[in-house]
Structures are given as C-alpha cells and as structure tokens.
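Protein chains in written order, with our numbering: chain A, 41 to 219; chain B, 359 to 746.
One should not assume that every hint holds.
[Unchecked claim] Anything over 12 Å on all C-beta distances counts as not near chain B; from chain A, calculated:
{"id": "1", "residue": "S58"}
{"id": "2", "residue": "L59"}
{"id": "3", "residue": "R61"}
{"id": "4", "residue": "L65"}
{"id": "5", "residue": "Q102"}
{"id": "6", "residue": "T114"}
{"id": "7", "residue": "L118"}
{"id": "8", "residue": "D170"}
{"id": "9", "residue": "I196"}
[Said to hold, decoys possible] According to the in silico footprint, chain A covers these stretches of chain B (three or more CB under 8 Å from chain A):
{"id": "10", "segment": "541-553"}
{"id": "11", "segment": "559-567"}
{"id": "12", "segment": "694-703"}
Think of the hints as simulated: they come from the structure by calculation, not from any bench.
Virtual Cβ for every residue (Gly too), placed ideally from N, Cα, C.
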Amino acid sequence: MSSDNPDIRQQVKEQSGSLKRLQTLIPGLRGYRKSEDVRISDELLRNQVADRLLQAKGNLEQLRRQMAAAGDYTNLTLVGSAISQVQQFAGELRHSEQGYSGLAPSISITEETLNRLYDYDYAFVQSAYDLLNSTSSFNYDPTAPNAVASFLNGVIKQVQGLKQKWELRIEAVEGILQK
Amino acid sequence: MVFGKKQSSPGVPSSGGSVVGATTIEWDPQFKQGNVMWKVPRLIRFGDNIVVREDEIAVFYRDGKVLTYFDQPNRYALTDFNAPIVGGLLKFFTGVQQQAEVYYLQKRFLDGKFGSTQPYQFVDPVFGIVNLRVFGEYRYRVSQPENFINQFVGTFAAETAADVEARLKEQMVILVYNALGKMKSQGLKVTDLAANLTNIEQLVLATSPDHFGQYGVEINKVSGLTISLPDEVQKAIDTRSEMSVLGVNYLQYQAGQAMVDAAKNPSGGAGAAAGVGVGLGAGVGLGYAVGGQFAQGFAQPPMKACPSCGAMIPANSAFCPSCGANLSTAKQQASVVCPKCGTAVQAGTKFCPNCGTQLSQEKKCPNCGESVSPTAKFCPNCGKALTQ
Ligand SMILES: [Zn+2]
Ligand SMILES: [Zn+2]
Ligand SMILES: [Zn+2]
Chain A
41 MSSDNPDIRQ
51 QVKEQSGSLK
61 RLQTLIPGLR
71 GYRKSEDVRI
81 SDELLRNQVA
91 DRLLQAKGNL
101 EQLRRQMAAA
111 GDYTNLTLVG
121 SAISQVQQFA
131 GELRHSEQGY
141 SGLAPSISIT
151 EETLNRLYDY
161 DYAFVQSAYD
171 LLNSTSSFNY
181 DPTAPNAVAS
191 FLNGVIKQVQ
201 GLKQKWELRI
211 EAVEGILQK
Chain B
359 MVFGKKQSSP
369 GVPSSGGSVV
379 GATTIEWDPQ
389 FKQGNVMWKV
399 PRLIRFGDNI
409 VVREDEIAVF
419 YRDGKVLTYF
429 DQPNRYALTD
439 FNAPIVGGLL
449 KFFTGVQQQA
459 EVYYLQKRFL
469 DGKFGSTQPY
479 QFVDPVFGIV
489 NLRVFGEYRY
499 RVSQPENFIN
509 QFVGTFAAET
519 AADVEARLKE
529 QMVILVYNAL
539 GKMKSQGLKV
549 TDLAANLTNI
559 EQLVLATSPD
569 HFGQYGVEIN
579 KVSGLTISLP
589 DEVQKAIDTR
599 SEMSVLGVNY
609 LQYQAGQAMV
619 DAAKNPSGGA
629 GAAAGVGVGL
639 GAGVGLGYAV
649 GGQFAQGFAQ
659 PPMKACPSCG
669 AMIPANSAFC
679 PSCGANLSTA
689 KQQASVVCPK
699 CGTAVQAGTK
709 FCPNCGTQLS
719 QEKKCPNCGE
729 SVSPTAKFCP
739 NCGKALTQ
C-alpha cells in the first residue's frame with residue numbers, strides 16, 4: 041500500500057468505532073468517558089460477561105447430568121473442574137471491587153486510548169460469547185469419552201484465555217487512570 | 359456445634375430474635391450465623407414492620423402454604439395499602455383479623471456435614487457384603503424460597519434450622535448411596551472406592567438438582583467425601599496393594615513381614631549390625647521355603663538403611679519393604695497427576711500447565727510413596743487412609 045493510496049478500509053473501520061462494535065455485544069455500554077461512566081460501564085460489562093459464564097456453567101452442568109445418567113464416569117472430575125473454574129471466574133467478575141471512579145476522580149482519556157480499551161473489551165466479551173457458544177453447541181456422545189475430554193480441556197483453555205484477556209484489560213484501564 | 363453456629367440462649371423463644379412485644383420484626387444477627395432458617399416466634403399482624411437484609415428472605419406462610427416472600431432488602435411496613443410490594447400480602451390481612459407465620463431464610467451458601475447413621479451394604483465380588491459408612495461436607499443454599507418452605511415446613515413439619523439440616527443430611531447420604539449403586543452396577547469394586555471419591559462427589563453433584571430441586575435447595579459443592587470400610591476389609595485391601603507394590607505373592611509378603619519385624623526388633627543384639635544379622639538370618643531361612651525374588655533380594659548383600667525409616671533393606675530395592683518409601687530415583691522424576699484436571703504433569707512442577715492448579719503442596723502417601731492430592735483422604739494407589 042503506497043502512501044498516496046491510503047487503505048480506505050482501515051479508515052472505515054476506525055470510523056465505525058470500537059465502541060460501536062462493543063455495543064453490539066453489550067447494548068447500552070456508555071464507554072468510560074467520565075468517572076461515573078467508567079463505573080457504570082464497567083459494572084455493565086462485568087455483569088454481562090458473568091451472565092454468559094453462568095449460562096455456560098449451566099450447559100456444563102447439563103452435560104454432567106447427561107454423563108451421570110449414561111453411567112459414563114470417565115470425565116466426571118474433568119467436567120467438575122471446568123464447572124468450578126467457570127463459576128469461580130464468574131464470581132470474580134461479579135463481586136470484585138466495582139468501578140475505578142474512586143481511584144481517579146478526574147480522568148482524561150484520549151480517543152486513542154479509549155479505542156484501545158474498547159478493543160481489549162471487545163476481545164474479552166467476544167471470548168466470553170465464544171465460550172458460551174462452544175458449551176451450547178457441544179453434543180454429548182457417551183460412546184466417545186475422548187471427544188468429551190478434549191471438549192472439556194478446550195473449555196478450560198477458553199476460561200484461561202478469558203482470564204488472561206481480563207487481566208490485560210485491567211492493566212489497560214489502570215494504565216489510563218494513572219495518567 | 360459445627361461451623362460456629364449460634365444457638366439460642368435460654369429464655370429466647372424458638373431460636374432467638376428481638377420480636378416479642380415489638381412491632382419491628384428482624385432476624386437478630388447473633389442467632390443467624392450458620393442457620394438456614396428462623397421461624398419468627400409469634401404470628402405476624404397488620405401494622406408490623408418487617409426488616410429484610412441483603413442476605414435474607416422473609417417468607418409469609420399460612421394454612422399450609424406460602425403467601426408471598428420478600429427477598430429485596432428493605433423495611434416493609436404492613437400498614438401502607440399503596441405499597442405495590444406488600445399489596446399482595448395486605449390483601450390477605452384486610453377485613454378479618456388474619457395472621458400469618460413468618461420464616462426468615464438465608465440467601466447465602468451454607469456449609470454442612472453429612473454422615474451415614476446406617477451402613478450401606480455394598481456387595482463386592484471378592485469381599486462379599488461390605489458395610490460402608492460415608493462422611494462428607496457439602497455447600498448448599500436456598501434456591502427457591504417457596505418450595506423450600508412448602509416442603510420443609512409444610513410437608514416435613516420442620517420448624518428449626520436443625521430440623522431442615524437433618525433432612526438435608528439424610529438426602530445427601532441417600533445421593534451418595536445412589537451414586538455408589540450406579541457405579542457398582544458399572545463394575546465398581548470395594549477396592550476401587552478410594553480412587554473414585556472425587557468421581558462419586560461429582561456424581562452426587564450431577565444428580566443433586568433432581569433430588570434437591572423439589573426442596574428449593576441447590577447443592578453447590580461436595581467435598582471431603584470419606585467412605586470407611588470395616589477394619590478387616592481395609593486391612594485386606596492394604597495387604598493386597600502392598601503386595602502389588604512390592605511385586606510379591608502372599609507367601610512372599612508374609613515372609614517379608616516376618617523379616618521386617620525381626621529386623622526392627624533385634625532381640626539380644628546391639629546396634630545396626632545385629633539388626634542386619636537377624637534380618638538376614640530370617641531372610642535366608644524363609645527364603646529357602648519361598649524361593650521368590652523377594653527372598654533372594656534379602657539374602658544377597660549389599661544392604662542399605664532406608665532413608666525414611668532406617669530399616670536395613672537390599673541396596674537395589676525400589677521400595678522399602680518396611681515403610682513403603684519409594685526409593686527409586688527414576689520413579690521420583692515421574693509424572694504426577696493434577697488433582698483438579700487429571701493431566702499428567704512432570705513431578706516438581708509448581709502449577710498444572712493445563713488448568714493452573716497449584717501443585718506445590720502435593721504430598722506423598724506414607725504407605726506406598728505415590729503422589730496424592732493434598733486433599734485426598736485415601737491414597738488412590740494403595741487405598742491407605744491418609745492422616746491430614
Ligand atoms: Zn523405610
Ligand atoms: Zn490441572
Ligand atoms: Zn499409598
């Protein structure tokens with residue numbers, strides 16, 4: 041791409057806005073502009089993701105019941121582990137300290153840092169939806185315990201990826217607030 | 359009482375509270391800890407104030423059924439006809455001098471313990487009928503206040519938290535027995551029980567919604583499951599697993615035991631040298647009768663002292679025949695199994711690369727040396743009970 045022929049697609053994408061993309065996942069997200077908005081947006085986002093995680097947990101519990109009913113005990117402890125990890129992270133999201141307004145009463149955020157934050161958030165929320173989707177679409181087959189095991193290991197990896205994205209996001213938010 | 363539960367002091371009706379003669383009804387926190395339910399010791403009347411805190415539900419009950427419940431924190435005055443929330447209840451109070459019972463429930467998860475009063479008869483292909491007793495801990499909460507009160511108060515006439523818990527415990531034991539029955543029909547043997555405790559816990563959790571849902575109760579966790587076997591069965595299982603660890607048959611095992619006893623209790627000798635002598639002598643004598651590799655091992659020097667218990671043992675032993683310590687360095691570098699996800703991880707690793715569980719506080723079975731989960735009550739390898 042030469043400099044006198046800029047990539048139009050990139051501009052279009054930027055104009056459509058990271059926040060808008062994020063709002064397709066979390067309608068009503070205000071977007072961290074003022075300290076009060078930071079608190080509200082943060083809470084909305086946390087609760088939204090925690091809700092998705094609890095739905096995923098419900099799917100996994102359903103799977104556990106199916107396994108128990110089928111007399112398939114090969115992966116019971118693994119599904120138990122996946123359930124407790126999802127539950128633990130959901131609890132962390134919902135109940136950890138909410139908002140950052142107390143830390144930084146006056147926040148000045150540039151458009152660029154905000155967009156960066158929205159990108160982090162988008163990736164984070166999107167992976168919560170991915171986790172939910174994979175637990176919703178899994179079809180249990182009692183004759184294929186290996187498939188169950190690899191599915192559950194995949195779920196556990198997804199939860200870990202989600203946690204990592206969450207930590208990145210916290211760093212990003214805190215980085216903004218310190219300025 | 360367990361779990362720091364506060365009981366009522368003498369003179370306080372039912373299980374406590376500051377309501378007698380007052381128009382404000384609330385659950386005194388001092389009587390709340392660890393109790394899932396509290397029945398207000400007098401009937402509620404028009405004009406009373408009901409205080410409901412963040413973690414509480416107030417349920418109104420009359421003539422065998424729940425009228426309504428308040429699960430949002432507030433002070434509810436039963437005088438305001440316009441209040442939309444108490445409206446349903448007030449309709450009930452208007453006109454006639456009707457009254458209702460009030461029960462407070464906790465919203466939080468509570469911990470409880472369960473244990474069998476009657477043994478479970480497990481029919482094992484080798485041991486025949488084996489009487490099992492089960493113990494464990496569980497975490498529960500009220501998930502549906504209406505079902506909870508209708509079932510416990512309405513159906514079971516439970517009036518106190520203790521009544522409720524007694525019934526929950528009973529149900530937990532039944533679920534464990536159901537799980538045992540299911541797994542038995544899949545070929546589970548008594549010798550497999552120790553290795554399957556977490557499986558059984560998960561099976562209980564998997565079936566709990568079907569059993570506890572009707573009571574308005576959610577079981578969130580089952581932990582510390584212990585299944586105790588009769589002494590003679592436990593001893594037989596221990597012997598069998600020790601034999602398989604040592605790679606000997608029963609005769610050889612018996613011979614080894616005799617030698618170990620002899621080596622440990624040198625009669626008339628002095629010091630370690632005498633111990634070796636007696637041990638060797640016994641080994642040679644019995645070794646001729648048995649002729650197995652075990653006895654040969656003992657008959658052949660060199661010997662060394664077990665680093666764990668000090669007994670004199672063949673220098674090339676992989677396991678100490680006296681205390682069971684694992685002496686092979688190769689084995690010590692082998693993998694351990696993550697207690698959470700079951701992934702095989704190299705020994706010495708601090709965290710499971712699969713699920714991130716911390717593995718550093720792993721412990722070893724004092725009987726067979728196998729790495730076991732820090733929370734395990736029994737060694738999954740040899741079945742020996744582990745003291746915490
Ligand atoms: Zn030893
Ligand atoms: Zn693991
Ligand atoms: Zn052991």
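Checked hints:
A/S58, annotated as away from the interface, keeps every beta carbon of chain B farther than 12 Å; the closest lies near 30 Å. With a least CB separation of 32 Å from chain B, A/L59 remains clear of the 12 Å interface cut-off, as annotated. Listed as outside the interface, A/R61 is consistent with that label: its C-beta sits roughly 30 Å from the nearest C-beta of chain B, beyond the 12 Å cut-off. Remark: the non-interface label on A/L65 is consistent with the geometry, its nearest Cβ contact in chain B lying 26 Å away (cut-off 12 Å).
The Cβ of A/Q102 sits about 10 Å from the closest Cβ of chain B, inside the 12 Å cut-off, so the non-interface label is violated. Here A/T114 does not stay apart from chain B, with its beta-carbon only about 9 Å from theirs, under the 12 Å limit. Against the 12 Å criterion, A/L118 falls within the reach of chain B, whose nearest CB is about 6 Å from its own CB. No Cβ of chain B comes within 12 Å of the Cβ of A/D170; the nearest lies about 19 Å off, and the non-interface call holds.
Under the 12 Å C-beta cut-off, the non-interface status given to A/I196 relative to chain B is violated; the minimum distance is some 5 Å. Judged by the Cβ-Cβ criterion of 8 Å, the segment 541-553 of chain B is covered by chain A as claimed, because 3 of its residues qualify and three suffice. Only residues whose beta carbon comes within less than 8 Å of a beta carbon in chain A count, and the segment 559-567 of chain B has 7; three or more means the coverage holds. Beta-carbon proximity to chain A at under 8 Å applies to 3 residues in the segment 694-703 of chain B; the threshold of 3 is reached and the given coverage holds.
Hint compliance for this structure: hints 5, 6, 7 and 9 are broken, all remaining hints hold.
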